[in-house]
Amino acid sequence: MTPFGIVGYYELWWVAILKALVIFGLAFAILPLLTVYERKLLGRFQGRYGPNRVGPYGLMQPLAEILKFATKEGFRPTTSVAYMFRLAPVIAILTAVGALALIPFGDVQHIFGERVGLYGIDVSVGPLYVFALAGISFYGIMLGGWASGSKYSFLGAMRGAAQLISYEVSQGLALVGVVMTAGTLSLTGIVHAQLGMWYIVPQFVGFLVFLAASFAETNRAPFDLVEADAELVAGYFTEYGGTPFVAYLFAEYMNMMVVSGIAVTMFLGGWLLPFGIHPPGWVDPIVVFAKMMIFITFFIWIRATLPRLRYDQLMSFGWKVLLPLATLNVLVTAILVVS
Amino acid sequence: MAPVFFFLAALGALSGAIGVVMLRNPFYSVLALVFHLISLAALFLLLRAEFVAAAQVIVYAGAVMVLYVFVVAYVGSGEELTSGGGLRVLGPVFALVLAIELCIAMLGSALKGISGKGAPYIPGFGSPRHIGTLFLTKYLFPFEVASLLLLVAAIGAVVLARRRRGLEADPEYQARLHKPVSHLAGSMAESVGARRDR
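Here the protein sequences come in this chain order: A and B. Per the working numbering, the first sequence starts with residue 360, numbered consecutively. Per the working numbering, the second sequence starts with residue -5, numbered consecutively.
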């Protein structure tokens, strides 16, 4: 039974499990380092050092923090709804990890005589699967805010719902142009279609819209009204502490990785290198990861640079600028593809 | 593997549907509906309708239900809804009529399929390409009519909101918003009284 089956070859079940474990393990090994990376970089942007006490270059900082978080007392407000309060961070991290399975880190390789695709699964509906998981991840934020039984959390969650719905439309439409040009929804197929030219060139408008919408979708600055600390303490996870808080934190970083991965796959040619360089297969994941790091660095850079938008600015930007731009992009692309 | 998956999804769909009707708190009702829709998407996956499954989750669970949750959470989920007298009588009648209709449909067609092998799977069936082609050839007219219907609904919503003075600017609020303020307001120059309002 392969519900997501357009994998063009038979893949052994233990290969699938092994791939899942490797992706999961690597992702959770990289996530703590990303937090250090962000804090170091933010520090540099602000003319200070960032964490540099624990381990070499402060690299062991997340280990110390995770120890601290894991040993904290699990408390919740008396007004909160117990099981939903515990469930919400689980939904957030589950959907984020699930979306990571889609990112193609490399082409199909021959390992020990078996054909192994360097991705979790290759789905015939590609980006739609990611959007479906993003749709479910709303509930992680909304239930977390609602179940906390606190006004700050509730307001943060409601802002989050409105913001995520508004920007999801533009984000999806921005990818339609790429899908139309490539003629397939499979993410590996889209990468193969970019062999001649990366889609960032013909789909530059789509790329910009996708990038802007991604900032809102991942609740990153300057669209982080969901957790606007000046007004809402920390938004939907105000009442969270200990490991549930870490779950929310990691979900945010994981979403950042997923969005970067999608951007790399759709616009930057995935594992392809420019100028016709074809390195051996094991280089593919490194190429993809290097490209993802460009986006993640950009995310952090923007956080250090731009101030937070006002709420009405956020909404009018999403509906009056991004959506018409994305629609126009789709229209022009459709005309060009057909003609 | 497939039967286990089917029964899990079917149980989820059933329990979600029952939860929508039985739960007293509207907020939990909406969440039960979300659970039901996601379980339905899992059933679609089993039928190899990947596109329908993804669309189901994106459109219903991801967009429509988020709005429901939004409204219910704001309007207040604490109090229980009161059921009207007319609905108390009409509800069971409608349920009975629907049950009879479903029974007719099931006994008429579905029972015959139990002993059969089911429809064969054609590669490419239910893929986005296949569905898109059908939409623009065989089902073009229903597709366009449905989109027109949605457009009418959207315009209707805007008109209704306008009539209740939802979108018109409140003059008092506007006056407060654009109150003339000194350009030094809130600055250090104002605090030491260096310059008066102009």
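Accuracy of the hints is not assured; some may be wrong.
SDA-like cross-link-like pairs, simulated, lysine to any residue; straight-line CA separation at most 20 Å [stated by the list, open to error]: (1) A:K510 to B:S121; (2) A:K679 to B:A151; (3) A:K679 to B:L145; (4) A:K510 to B:G150; (5) A:K510 to B:V65; (6) A:K510 to B:A151; (7) A:K378 to A:I470; (8) B:K132 to B:S121; (9) A:K510 to B:Y68; (10) A:K510 to B:A67.
Hints were generated in silico from the structure; no laboratory data involved. In this text, all values refer to a predicted model and were calculated from it rather than measured experimentally.
Violated constraints from the hint list, given by number and in increasing order = Those not satisfied are hints 1, 4, 6.
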